[in-house]
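Letter by letter, the chains look like this.
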Amino acid sequence: MVAALNLLHYAFMRRALIAALLVGITAPAVGIFLVQRRLALIGDGLGHIAVTGVALGLVLDRAPVPIALVTAVAGAMAIELIRARGETSGEIALAILFYGGIGAGVVLVSQAPSGSRSLNQYLFGSITTTSAQDLLIFAALAFVVVTVTVVFGRALFSVSNDDEFARASGLPVMRLNLLLAALSAFTVVVSMRVVGVLLVSALMVIPVAAAQLVARSFRSTFVLSVTIGMIVSVAGVVVSFYADTPSGGTIVLFAIAVFLLVLTGLSVRRALHSSA
Amino acid sequence: MRLSQYLREDSAAGVDASIVAVRDAAFGYRNQVAVRADVHIHSGEVVALLGPNGSGKTTLLKGMLGLVDRLAGSVELFGQPLEQFRDRSRIGYVPQRQTASGPIPVTVQELVRSGRLASTGLIGRRRRSDNDAIAAAIGVVGLTDLARRPVVELSGGQQRRALVARALASGARVLMLDEPMAGVDQANQEALADALCVLIDSGATVVVVLHELGPLESLVTRTVCLDAGSVLFDGPLASTPPRLLHLGHDHDPHGGPEADHGLGLFKWSRP
Numbered sequence: 002m003v004a005a006l007n008l009l010h011y012a013f014m015r016r017a018l019i020a021a022l023l024v025g026i027t028a029p030a031v032g033i034f035l036v037q038r039r040l041a042l043i044g045d046g047l048g049h050i051a052v053t054g055v056a057l058g059l060v061l062d063r064a065p066v067p068i069a070l071v072t073a074v075a076g077a078m079a080i081e082l083i084r085a086r087g088e089t090s091g092e093i094a095l096a097i098l099f100y101g102g103i104g105a106g107v108v109l110v111s112q113a114p115s116g117s118r119s120l121n122q123y124l125f126g127s128i129t130t131t132s133a134q135d136l137l138i139f140a141a142l143a144f145v146v147v148t149v150t151v152v153f154g155r156a157l158f159s160v161s162n163d164d165e166f167a168r169a170s171g172l173p174v175m176r177l178n179l180l181l182a183a184l185s186a187f188t189v190v191v192s193m194r195v196v197g198v199l200l201v202s203a204l205m206v207i208p209v210a211a212a213q214l215v216a217r218s219f220r221s222t223f224v225l226s227v228t229i230g231m232i233v234s235v236a237g238v239v240v241s242f243y244a245d246t247p248s249g250g251t252i253v254l255f256a257i258a259v260f261l262l263v264l265t266g267l268s269v270r271r272a273l274h275s276s277a
Numbered sequence: 002m003r004l005s006q007y008l009r010e011d012s013a014a015g016v017d018a019s020i021v022a023v024r025d026a027a028f029g030y031r032n033q034v035a036v037r038a039d040v041h042i043h044s045g046e047v048v049a050l051l052g053p054n055g056s057g058k059t060t061l062l063k064g065m066l067g068l069v070d071r072l073a074g075s076v077e078l079f080g081q082p083l084e085q086f087r088d089r090s091r092i093g094y095v096p097q098r099q100t101a102s103g104p105i106p107v108t109v110q111e112l113v114r115s116g117r118l119a120s121t122g123l124i125g126r127r128r129r130s131d132n133d134a135i136a137a138a139i140g141v142v143g144l145t146d147l148a149r150r151p152v153v154e155l156s157g158g159q160q161r162r163a164l165v166a167r168a169l170a171s172g173a174r175v176l177m178l179d180e181p182m183a184g185v186d187q188a189n190q191e192a193l194a195d196a197l198c199v200l201i202d203s204g205a206t207v208v209v210v211l212h213e214l215g216p217l218e219s220l221v222t223r224t225v226c227l228d229a230g231s232v233l234f235d236g237p238l239a240s241t242p243p244r245l246l247h248l249g250h251d252h253d254p255h256g257g258p259e260a261d262h263g264l265g266l267f268k269w270s271r272p
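Residue numbers (our numbering), protein chains in the order written: chain F, 2 to 277; chain L, 2 to 272.
Nothing false has been slipped in among the hints.
Which residues of chain F face chain L? A partial, calculated answer using Cβ under 7 Å:
| id | residue |
| --- | --- |
| 1 | F166 |
| 2 | G171 |
| 3 | R217 |
Cβ-Cβ distance ranges computed for the label pairs, FRET-style:
| id | chain 1 | residue 1 | chain 2 | residue 2 | range |
| --- | --- | --- | --- | --- | --- |
| 4 | F | R86 | L | R87 | 23 to 33 Å |
| 5 | F | S221 | L | R129 | 14 to 24 Å |
| 6 | L | R87 | F | S276 | 57 to 67 Å |
| 7 | L | G184 | F | R217 | 19 to 29 Å |
| 8 | L | A73 | F | R176 | 26 to 36 Å |
| 9 | F | S276 | L | D146 | 27 to 37 Å |
| 10 | F | R270 | L | S156 | 16 to 26 Å |
| 11 | L | G74 | F | Q134 | 52 to 62 Å |
| 12 | F | Q134 | L | G143 | 56 to 66 Å |
These aren't lab readings, by the way, just hints derived from the structure by calculation. What you are looking at is a predicted structure, and each value in this text was computed from that prediction instead of being measured. Each residue gets a CB set at the ideal place from its N, CA and C atoms; glycine is no exception.
Using the sequences and the hints given, assemble the complete structure.
Structure below.
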């Protein structure tokens, strides 16, 4: 705690901790609906597509975050439309989109003045380089994600839990799915400086996976997974500063540690119950 | 708490009013016709769609709701063309499901609340009457004591009753159920039949896909018997040829190809 407070003396660490909190809140808040839809890894695909946007920004010598936002949202819409067609060839189309995204990104960045070193910061996170402009964009996106999640939460739950019933109920399922896809794209962009586009999916899924082991309702899973998300993000940033490790990997390892801790705790409790 | 006070006043749907009109329709998937039918259902009827596995009864039910492709003909709900029909809260749909929720735990109350969206709208404020209607819907299927329990902890039959409560939460007077008795033990079948009996007594219209009549025999007024995608018989239960009542005995209650049309990409299961 004291260590965390000491970090607040540095402006770049204040920005880093705020960015970490934003990711800790938004990633599980969107991830819970993706997990319920059994599309847990869609964030990973969106991260791949966002790489093209980052690379474009580096090549054009413009801020990569806004360009990545446009690319990720366009990719999210394309994914949802391909999925909605429901054809077997859709899987191949998605694979082309995902790996095309990262392939184009790598080729583009080879032409950038700063080279591939800059790209790494976005792939795996480099939280201490978060600029004030980045933070403003992240805060605005996080505000949109949280507001939409709260306002449309019940409708998103209904579509994620049973889209056929939602369609029979007259809900605009396609529009809600596009909304969730856009929220996922926003979350990928919010996360790109903190955990990086290649690790963002971990924060969308692992806190939810840990929470659902102990929670007994959708609402309590939501609250618990956001809480876990915030704790592991902030703890990961603090530890990565002192241990001089990459923030993205550290945060993800923290999240996995929490998941394993909960799983072990449950196994021990079950063993004690059965022996009693 | 009585459910009847939360059921919609369907003044537009008086006695013998048309609820569903399927005219020379063909339904299927990706341009493949699975069933052809011409069926008209009126207010207060209890219609069983009977037939063996693959006969097209589930596709016909989904076709009535616009959940599968319509390849020919027309469908009207409450006298309006399906594509113009907006007031979906008048119809409660119970899909065929072995489990009522995904990987995240969902309580019975949360599941049933999602059925209320058809009448409250996407972002409608939660009112006290919504909570009362949800409690009444849970009550009519006899799950009040389990309302706060995660759905996955319930038996298959109890989960099916929770799905019926979800369909009722909007106040619908028309229920469309897909194999509600499949894989359900005797006690839960009877509990479901009791709940349907209460609804039918209050004037509800019911369309139910079944592979055999079972405990619903005393409630059903009319049968539509299907085989190989065609309607073989449509008339009162008493006039139904006995051999057609038993066509579904070879049915697989755990669902054939009709049960899953998902893309199957990114499957994730609870550890």
